[in-house]
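S.K.: Sequence:
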Amino acid sequence: MKHLLGIEDLSAGEIRDILDRAAYYAKSLETGKWDHKTLDNKIVITLFFEPSTRTLISFDIAAKRLGASVVNWQVENSSMRKNESFLDTILTLNQMKPDAIIMRHVEFGAPNFVAGHVDCPVINGGDSWREHPTQALLDALTMEREIGPIKDLTVAICGDVAHSRVANSNAILLKKMGANVRIVAPAFLMPQKFPVAGLETFTSLEEGLPGADAVMLLRIQKERMKAGQIPDDAAYHKEFGLTLERLNMAGRKAFVMHPGPMNRGVEIADELADDRERSLIAKQVAGGIPTRMAVLDMLIGK
1 MKHLLGIEDL
11 SAGEIRDILD
21 RAAYYAKSLE
31 TGKWDHKTLD
41 NKIVITLFFE
51 PSTRTLISFD
61 IAAKRLGASV
71 VNWQVENSSM
81 RKNESFLDTI
91 LTLNQMKPDA
101 IIMRHVEFGA
111 PNFVAGHVDC
121 PVINGGDSWR
131 EHPTQALLDA
141 LTMEREIGPI
151 KDLTVAICGD
161 VAHSRVANSN
171 AILLKKMGAN
181 VRIVAPAFLM
191 PQKFPVAGLE
201 TFTSLEEGLP
211 GADAVMLLRI
221 QKERMKAGQI
231 PDDAAYHKEF
241 GLTLERLNMA
251 GRKAFVMHPG
261 PMNRGVEIAD
271 ELADDRERSL
281 IAKQVAGGIP
291 TRMAVLDMLI
301 GK
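All residue numbers for the sequence shown refer to the numbering used here, where the first residue is 1 and numbers rise by one.
Simulated pairs of lysine to aspartate or glutamate, EDC-like, Cα-Cα distance not exceeding 16 Å:
| id | residue 1 | residue 2 |
| --- | --- | --- |
| 1 | Lys253 | Asp152 |
| 2 | Lys64 | Asp99 |
| 3 | Lys302 | Asp99 |
| 4 | Lys283 | Glu146 |
| 5 | Lys283 | Glu144 |
| 6 | Lys238 | Glu271 |
| 7 | Lys27 | Glu144 |
Honestly, the hints are just simulated from the structure, not real lab data.
Using the sequences plus the hints, can you model the full thing?
M.R.: Encoded structure:
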């Protein structure tokens, strides 16, 4: 594995290797025992063209947990503010010889473009609505640790699937690993094309939730829509927001997941977001660090 640009590029075996390494680091973080110098003398650049809390900070922490130094590049303080082109910026950074570049970009396929112009591994932290591979990997780690083997699970991905890179990466990963995957979305948020075959589709929670082991919610991606497509938040919540009562349609043991940021009172009710027994959202956030430690270790470790 030279880069991590998308789940689509990985085999089931490669996914398994990453999840196993992530599980090792998850346990190691609990005990405090791991090789803190795995990335000693390595320099990682984070190159984010979109706002981020979870992905950016967890990659930063993951790298530092392994002993790397992290340079947080910021577009507002860069020469791109002086009309330097994107390509010239990438070529300039490459000449500084980083050991890895972690990037997020609004353009579809931007990490793939960068990977073709640098000499170090590139890790996709999310590009447009195409893919967000480490989110899918940490979601899989969370499900395996908290629910059971992925091959035995039924997962309902619900909400704005049409504009979600998280939905794409999760659908690809879950199908490759043998899970049953449902796409549950109102008609206007249902994608015209799916990233993988074999998905079940439903346009109501009442039809799509029964029997699901995990319900993965997605926020409405208003920044990727035309103004006329944006629904009224209150009306959306009434029709498609997940409450504890609606989660129970899946089953009393079903869990809720969300990649964040959550829009409370829109796709998820407060009571469910904060439910310590039914919500895995906080554990997803925590799982981001060992997952990203695993990816960095496998790409640039000793």
